[in-house]
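> Residue numbers (the numbering used here), protein chains in the order written: chain A, 79 to 238; chain B, 33 to 359.
Read the hints as simulated data drawn from the structure, not as lab findings. No false leads were slipped in.
Stretch by stretch, here's where chain A covers chain B in the computed footprint (C-beta under 8 angstroms, at least three residues): (1) 34-48; (2) 64-76; (3) 81-88.
Residues from chain B that keep clear of chain A, each with C-beta distances beyond 12 angstroms, as calculated: (4) I93; (5) V177; (6) T208; (7) D213; (8) D219; (9) G226; (10) H233; (11) A234; (12) E316; (13) V332; (14) D333; (15) R338.
Even for Gly, the Cβ is constructed at its ideal location relative to N, Cα and C.
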Amino acid sequence: MTSKTTIPVHLDINGRHHTLELEPRVTLLDALRDRLGLTGTKKGCDHGQCGACTVHVDGERVLACLTLAAQAEGRTITTIEGLAREGELHPVQAAFLEQDAFQCGYCTPGQIMSAVACIREGHAGSDEEIREYMAGNLCRCGAYPHIVAAVRQAALEVAS
Amino acid sequence: MRDFSYLRATSADAARQAATLPGAMLLAGGTTLIDLAKCGVAEPDMLVDITHLRGLDRIEIDERGAILGALARMGHVADHDDIKSRFPAISEALWQAASAQIRNMATIGGNLMQRTRCPYFRDPSNFAACNKRVSGSGCSAIGGVTRGHAVLGTSEACIAMYPGDLATALVALDATVHLGDRRILVDDFFLLPGTTPDKEHAIEPGEMITAIEIPSSAAARRSTYLKIRDRQSYEFAAASAAVGLELESDGRTIRDLRVALGGVATKPWRAHAVEAALKGKVLEPNAVRTASLLAVEGAVDHGANRYKIELAPRVVARAILKMGETA
Numbered sequence: 079m080t081s082k083t084t085i086p087v088h089l090d091i092n093g094r095h096h097t098l099e100l101e102p103r104v105t106l107l108d109a110l111r112d113r114l115g116l117t118g119t120k121k122g123c124d125h126g127q128c129g130a131c132t133v134h135v136d137g138e139r140v141l142a143c144l145t146l147a148a149q150a151e152g153r154t155i156t157t158i159e160g161l162a163r164e165g166e167l168h169p170v171q172a173a174f175l176e177q178d179a180f181q182c183g184y185c186t187p188g189q190i191m192s193a194v195a196c197i198r199e200g201h202a203g204s205d206e207e208i209r210e211y212m213a214g215n216l217c218r219c220g221a222y223p224h225i226v227a228a229v230r231q232a233a234l235e236v237a238s
Numbered sequence: 033m034r035d036f037s038y039l040r041a042t043s044a045d046a047a048r049q050a051a052t053l054p055g056a057m058l059l060a061g062g063t064t065l066i067d068l069a070k071c072g073v074a075e076p077d078m079l080v081d082i083t084h085l086r087g088l089d090r091i092e093i094d095e096r097g098a099i100l101g102a103l104a105r106m107g108h109v110a111d112h113d114d115i116k117s118r119f120p121a122i123s124e125a126l127w128q129a130a131s132a133q134i135r136n137m138a139t140i141g142g143n144l145m146q147r148t149r150c151p152y153f154r155d156p157s158n159f160a161a162c163n164k165r166v167s168g169s170g171c172s173a174i175g176g177v178t179r180g181h182a183v184l185g186t187s188e189a190c191i192a193m194y195p196g197d198l199a200t201a202l203v204a205l206d207a208t209v210h211l212g213d214r215r216i217l218v219d220d221f222f223l224l225p226g227t228t229p230d231k232e233h234a235i236e237p238g239e240m241i242t243a244i245e246i247p248s249s250a251a252a253r254r255s256t257y258l259k260i261r262d263r264q265s266y267e268f269a270a271a272s273a274a275v276g277l278e279l280e281s282d283g284r285t286i287r288d289l290r291v292a293l294g295g296v297a298t299k300p301w302r303a304h305a306v307e308a309a310l311k312g313k314v315l316e317p318n319a320v321r322t323a324s325l326l327a328v329e330g331a332v333d334h335g336a337n338r339y340k341i342e343l344a345p346r347v348v349a350r351a352i353l354k355m356g357e358t359a
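Using the sequences provided together with the hints, build the complete structure.
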């Protein structure tokens, strides 16, 4: 059975409300990128292995590639585009810049969304803990030492 | 991923009934199901989304034990203070599983329904033969690349490894699955492949996991989950052990011991022989190492996975000895 039926999906993204007509199989990732033009959230593996598509749903980091858009209805979604406030970078974004925590930059939005949640969860207490709790975000350029430094710096700033 | 229809369940009963429709499947965190749908392994006609149901995500703990609602998420259970203090093996198995993002999505009930990571199972376009996917089609893994395959509980039809961490700890602690009013030990919930590797769980159409119950015990309070893997994090186990230990008042004689293995078998693997060999004995390194060899009694390798037969007893012994040191 290949149903071409679409369903209405209401999404609350970065404080703005959107109504889309989607096939049920459309993931939150594809809805963000292809339907709403929010291309900051990246598609890497599309199988939940790389973390490039990390967004926040109800304040918690999740993978947009394994979330159906329909499942996210009624939840509050934050993407990398929704992190800065009134043109001012989020402390984690600023720390990534200061620490040069990227090379090609493709994994960076996912890294930053993951790092914001990691700090909020209280899992950024040491370099070892940061490495463990950031393990779901792969960086094929190998910028890991600078990413850990950025998370460490941002965690200290948020705490102070 | 081919299209399907979507139904957001408004009650657990409605969800169970809808899931009996032809081609219908329950959808919780989606971390297995959506992935396998993209691989062409799962081909649902309808997904019944249960993630909006209320009341199924409880984490309740009292002196008798813990009740984990089917929709409690892995990350929340892992970080729960009473789980950490009374059932450390459960918390440790959970936080060492998957990634933080996946643990925020994946539910406790869905975790039990997680499928094997056998690369042949996951790749129908290149490997038509898989008895887990299509009964009687054959096994592409036997004679293939087997480094991650099981050495215990295998059959001529299937050598796929059960990849989960949580269920290994649950089996060690005698946990029970609640399927509505029906109760079944987690150990009995997982089935050996035998001649029917496509049937993995003792769950029937119309049934839904509603909770997991873990009884309190001294061994549960003094428990651990040791996971050895190719990478330090975000990787499945090469071999793992869930161990619970209770000593007599002399502080050295083993009163109760629980041992289960992960990463080496076709289902979460309780090692009763190790437990029996050590109960009543003094906890002593050589005795523990000798008894731990019983964990892989009957193991059969398929070449590249032979290392697991040597590794698993060492993981078991190290976990038992570590618990012995935490007086």
